[in-house]
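One-letter residues, chain by chain:
There are 2 protein chains.
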Amino acid sequence: MDVNQYMQQLGQQARASATAMARASTDNKNKALIAIASDIEQQREALHQANAADLDNGKTKGLDDAPLDRLELTDARIDTMIEGLHQVASLADPVGEITDLSRRPSGIQVGKMRVPLGVIGIIYESRPNVTIEAASLCLKSGNATILRGGSEAIASNRMLAGCIRNGLAATGLPVDAVQVVETTDRAAVGQLITMPEYVDVIMPRGGKGLIERISAEAKVTVIKHLDGICHVFIDEHADSAKAVNIAINAKTHRYGTCNTMETLLIHRAVANELLPELASAYGSLGVELRGCDASRAIVNDMLAATDADWDTEYLAPILSVRVVDSIDQAIEHINRHGSHHTDSIVSENYTNTQRFLMEVDSSSVMINASTRFADGFEYGLGAEIGISTDKIHARGPVGLDGLTSQKYVVLGNGEVRK
Amino acid sequence: MDVNQYMQQLGQQARASATAMARASTDNKNKALIAIASDIEQQREALHQANAADLDNGKTKGLDDAPLDRLELTDARIDTMIEGLHQVASLADPVGEITDLSRRPSGIQVGKMRVPLGVIGIIYESRPNVTIEAASLCLKSGNATILRGGSEAIASNRMLAGCIRNGLAATGLPVDAVQVVETTDRAAVGQLITMPEYVDVIMPRGGKGLIERISAEAKVTVIKHLDGICHVFIDEHADSAKAVNIAINAKTHRYGTCNTMETLLIHRAVANELLPELASAYGSLGVELRGCDASRAIVNDMLAATDADWDTEYLAPILSVRVVDSIDQAIEHINRHGSHHTDSIVSENYTNTQRFLMEVDSSSVMINASTRFADGFEYGLGAEIGISTDKIHARGPVGLDGLTSQKYVVLGNGEVRK
Numbered sequence: 002m003d004v005n006q007y008m009q010q011l012g013q014q015a016r017a018s019a020t021a022m023a024r025a026s027t028d029n030k031n032k033a034l035i036a037i038a039s040d041i042e043q044q045r046e047a048l049h050q051a052n053a054a055d056l057d058n059g060k061t062k063g064l065d066d067a068p069l070d071r072l073e074l075t076d077a078r079i080d081t082m083i084e085g086l087h088q089v090a091s092l093a094d095p096v097g098e099i100t101d102l103s104r105r106p107s108g109i110q111v112g113k114m115r116v117p118l119g120v121i122g123i124i125y126e127s128r129p130n131v132t133i134e135a136a137s138l139c140l141k142s143g144n145a146t147i148l149r150g151g152s153e154a155i156a157s158n159r160m161l162a163g164c165i166r167n168g169l170a171a172t173g174l175p176v177d178a179v180q181v182v183e184t185t186d187r188a189a190v191g192q193l194i195t196m197p198e199y200v201d202v203i204m205p206r207g208g209k210g211l212i213e214r215i216s217a218e219a220k221v222t223v224i225k226h227l228d229g230i231c232h233v234f235i236d237e238h239a240d241s242a243k244a245v246n247i248a249i250n251a252k253t254h255r256y257g258t259c260n261t262m263e264t265l266l267i268h269r270a271v272a273n274e275l276l277p278e279l280a281s282a283y284g285s286l287g288v289e290l291r292g293c294d295a296s297r298a299i300v301n302d303m304l305a306a307t308d309a310d311w312d313t314e315y316l317a318p319i320l321s322v323r324v325v326d327s328i329d330q331a332i333e334h335i336n337r338h339g340s341h342h343t344d345s346i347v348s349e350n351y352t353n354t355q356r357f358l359m360e361v362d363s364s365s366v367m368i369n370a371s372t373r374f375a376d377g378f379e380y381g382l383g384a385e386i387g388i389s390t391d392k393i394h395a396r397g398p399v400g401l402d403g404l405t406s407q408k409y410v411v412l413g414n415g416e417v418r419k
Numbered sequence: 002m003d004v005n006q007y008m009q010q011l012g013q014q015a016r017a018s019a020t021a022m023a024r025a026s027t028d029n030k031n032k033a034l035i036a037i038a039s040d041i042e043q044q045r046e047a048l049h050q051a052n053a054a055d056l057d058n059g060k061t062k063g064l065d066d067a068p069l070d071r072l073e074l075t076d077a078r079i080d081t082m083i084e085g086l087h088q089v090a091s092l093a094d095p096v097g098e099i100t101d102l103s104r105r106p107s108g109i110q111v112g113k114m115r116v117p118l119g120v121i122g123i124i125y126e127s128r129p130n131v132t133i134e135a136a137s138l139c140l141k142s143g144n145a146t147i148l149r150g151g152s153e154a155i156a157s158n159r160m161l162a163g164c165i166r167n168g169l170a171a172t173g174l175p176v177d178a179v180q181v182v183e184t185t186d187r188a189a190v191g192q193l194i195t196m197p198e199y200v201d202v203i204m205p206r207g208g209k210g211l212i213e214r215i216s217a218e219a220k221v222t223v224i225k226h227l228d229g230i231c232h233v234f235i236d237e238h239a240d241s242a243k244a245v246n247i248a249i250n251a252k253t254h255r256y257g258t259c260n261t262m263e264t265l266l267i268h269r270a271v272a273n274e275l276l277p278e279l280a281s282a283y284g285s286l287g288v289e290l291r292g293c294d295a296s297r298a299i300v301n302d303m304l305a306a307t308d309a310d311w312d313t314e315y316l317a318p319i320l321s322v323r324v325v326d327s328i329d330q331a332i333e334h335i336n337r338h339g340s341h342h343t344d345s346i347v348s349e350n351y352t353n354t355q356r357f358l359m360e361v362d363s364s365s366v367m368i369n370a371s372t373r374f375a376d377g378f379e380y381g382l383g384a385e386i387g388i389s390t391d392k393i394h395a396r397g398p399v400g401l402d403g404l405t406s407q408k409y410v411v412l413g414n415g416e417v418r419k
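Residue numbers (my numbering), protein chains in the order written: chain C, 2 to 419; chain G, 2 to 419.
With the rest of the complex left out, here is chain C:
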């Protein structure tokens, strides 16, 4: 069978499983999640062996330390996968929730019911723990899933696929409700993203290049997270202590995360007071500053920012700094250079905070809080399959609700249109 036929077969099987998944009981889905967790525990040794084979191949291929680290399934990571499955089992089931039910003049009651999306394709890099994370959230939300992990993790993913099938089979759910693509042929991705008859939505997780390529070629809706160029704007009416705390935390709490601040905007009226203190704090934490001319006039040893800096996601201890003349300029900068991910204003001025909230076009907009809070767990979603920087369907952290949509339900008593 060629790879396109193989993918079509996976698609057909996923579509066929989606109906049973949509009507699966919460209890059955939870039991399947627990059964998968048990199976992973039982197969821990076999999983280590499969993962060791992946790691050996990766080393032979000359993978760097960072990807090798992401590829490794340590006992701690296996424990986390098992805990994650139990945690997803403990979350409320979004499927079937009816909201906004109201009676219309005709007599009918109209409301909305939350239902699974159908078949979700997930494309990700060589991190086998994502296989379980993604599978568990899609399963709980009643979707069928096709998982396409990085080729370096193929042996680990095959083992995990077996655990998932065992768990599904043990609870009477269709074993094809979660399928792992078991070929490393790159054509599999091309086929997966162009089968709207079998796949309802694609969620890629990985580098910006991968996601842009998938978006350009997909014939299916892609819920995507491109990059996180996040800003903190210190307004002229900022509380100084809050401003410093938030600016330091948003940059230095973690450097490699998408909700880390990459550019600090500061109002000219408070730049003289706050920039030296901030520069000193950043300096002592090893953060390199790259500033506009006005910033460098205040903090002389700052490097000069280039045009490219405003559009760069550093994911590193580097911060660009710009002095702005007004909140308008700050909002304009963010909407132009940001990635519509997460941006925060520090201000005590009511009108400015409300304008920022309304006018900044990002998936998370904050007042007096660190951008690092943009996270499914911090938002109370219980879990997160990713963060969407799209505008359609789901924005921001995507939890179980983001894996569902709402259909209309009409409850009548024999009503007809007059």
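These are calculated hints, taken from the structure and not from any lab test. Treat each hint with caution, since some may be false.
Identical chains share a label here; the pair holds if one copy fits it or two copies do between them.
Lysine-lysine pairs mimicking DSBU-like chemistry, simulated, CA-CA at most 30 Å apart [as the list claims (entries may be wrong)]:
#1 Lys209 with Lys113
#2 Lys419 with Lys243
#3 Lys220 with Lys60
#4 Lys62 with Lys209
#5 Lys32 with Lys220
#6 Lys209 with Lys220
#7 Lys243 with Lys113
#8 Lys419 with Lys209
#9 Lys60 with Lys209
#10 Lys419 with Lys113
Add chain G to chain C, keeping to what the hints say.
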């Protein structure tokens, strides 16, 4: 300027206007809608002249009566456009609505704010009244819009575009917030649907062929309505009077609408009792019946349905009829042959109604009500830009809310991530 450059210019202007539209006050948007209505009233004669030119050209081109009728702007239709603008002005503004605001353990409050999508591209056929309908809903929901109507309506649409610009200018809103494509070059559509940098979502209105073509070629999310193959299922536990009323109304209230029933499914246990009565009622209303073998064994003069009938949207006084053995078979038939638009069960059995509600994968699922209720006005949306048979973002009738999305808002008091 070539057509691609022209469309890119419209795109840039739309994108530039979208920011101002997103923060426009409700009052300003309402005033603009009223001003557009006044301008249409003032230019009624010029509008008739432009429309007469379109009609003349249409006749010369050999258009049939039906498209010529859709193209015509009678005084009644102009009145309806004017009333529509006033009505949209009276609707609640969805932009800025904050919901689900709750406090998290960290101290931050997290909620969702409704915001415009940005730039919406609308592609439709030669019905100039759609220009005003679509423009008014997009304007009220704070979006910028690019409208591409059928080429036969170009003179009428140019006039209406002028009225819209005058109304926007009179209230200080950006005049490029609503732009009508003023070329009939077909390449304009191809460009419009492949500019994700300027257009956030495409909503085509028209025939299935047009929409399928657009979906296949678009590089932007398409919110689409393909067809309306709607079902009524008369369960074995149906109330006979409700069943007959609903089955007659769903088919015969109007024949050409997408929420009209095209296939009647009836449980074998009640087919002998109800089918003859229904056949007689349909017969007296001039509806042609095409049945399965079991149906024809009960009503002998029914035509035989072919396989193609189950997949056909007649939009005509024709109904296909199938006897099913169980609710499972009914649900299976609907999910396989339907268009995920609107389907209704007639039943007094609690479990069957709940199963139907959960398991039928359509944008509107009904119990004991006519499918004809699937409509933005009947659902209380106030207005409707179309009905989505998609699963992503918006399902069913799309009103002002469907032209917005929700971003996360975080209200803090200096909180940082620990």
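| 30 Å Cα threshold - placement of Lys220 relative to Lys32 | neither (35 Å within a copy, 40 Å between copies)
| query | At most 30 Å between C-alpha atoms: does Lys419 with Lys209 qualify within a copy, between copies, both, or neither? | reply | Between copies only: 28 Å across, 54 Å inside.
| query | Between Lys209 and Lys220, at a C-alpha cutoff of 30 Å, which is it: within one copy, between copies, both, or neither? | reply | Both ways: Lys209 and Lys220 sit 19 Å apart in one copy and 17 Å across, limit 30 Å.
| Within, between, both or neither: Lys60, Lys209 at alpha-carbon 30 Å | within (25 Å within a copy, 53 Å between copies)
| Are the CA atoms of Lys209 and Lys113 at most 30 Å apart within a copy, between copies, both, or neither? | between (35 Å within a copy, 26 Å between copies)
| Which holds for Lys419 with Lys113 at a C-alpha limit of 30 Å: within a copy, between copies, both or neither? | within (24 Å within a copy, 38 Å between copies)
| Alpha-carbon proximity context of Lys243 and Lys113, limit 30 Å | between (41 Å within a copy, 24 Å between copies)
| query | Checking Lys62 and Lys209: alpha-carbon separation at most 30 Å within a copy, between copies, both or neither? | reply | Close inside one copy (23 Å), not across copies (50 Å); limit 30 Å.
| message | Checking an output row: Lys220 and Lys60, CA cutoff 30 Å. Within, between, both or neither? | response | Close neither inside one copy (36 Å) nor across copies (39 Å); limit 30 Å.
| message | Checking an output row: Lys419 and Lys243, CA cutoff 30 Å. Within, between, both or neither? | response | Between. Shortest inter-copy distance 15 Å satisfies the 30 Å Cα cut-off; intra-copy 61 Å does not.
Checked against the numbered hints above, the structure violates hints 3 and 5; every other hint is satisfied.
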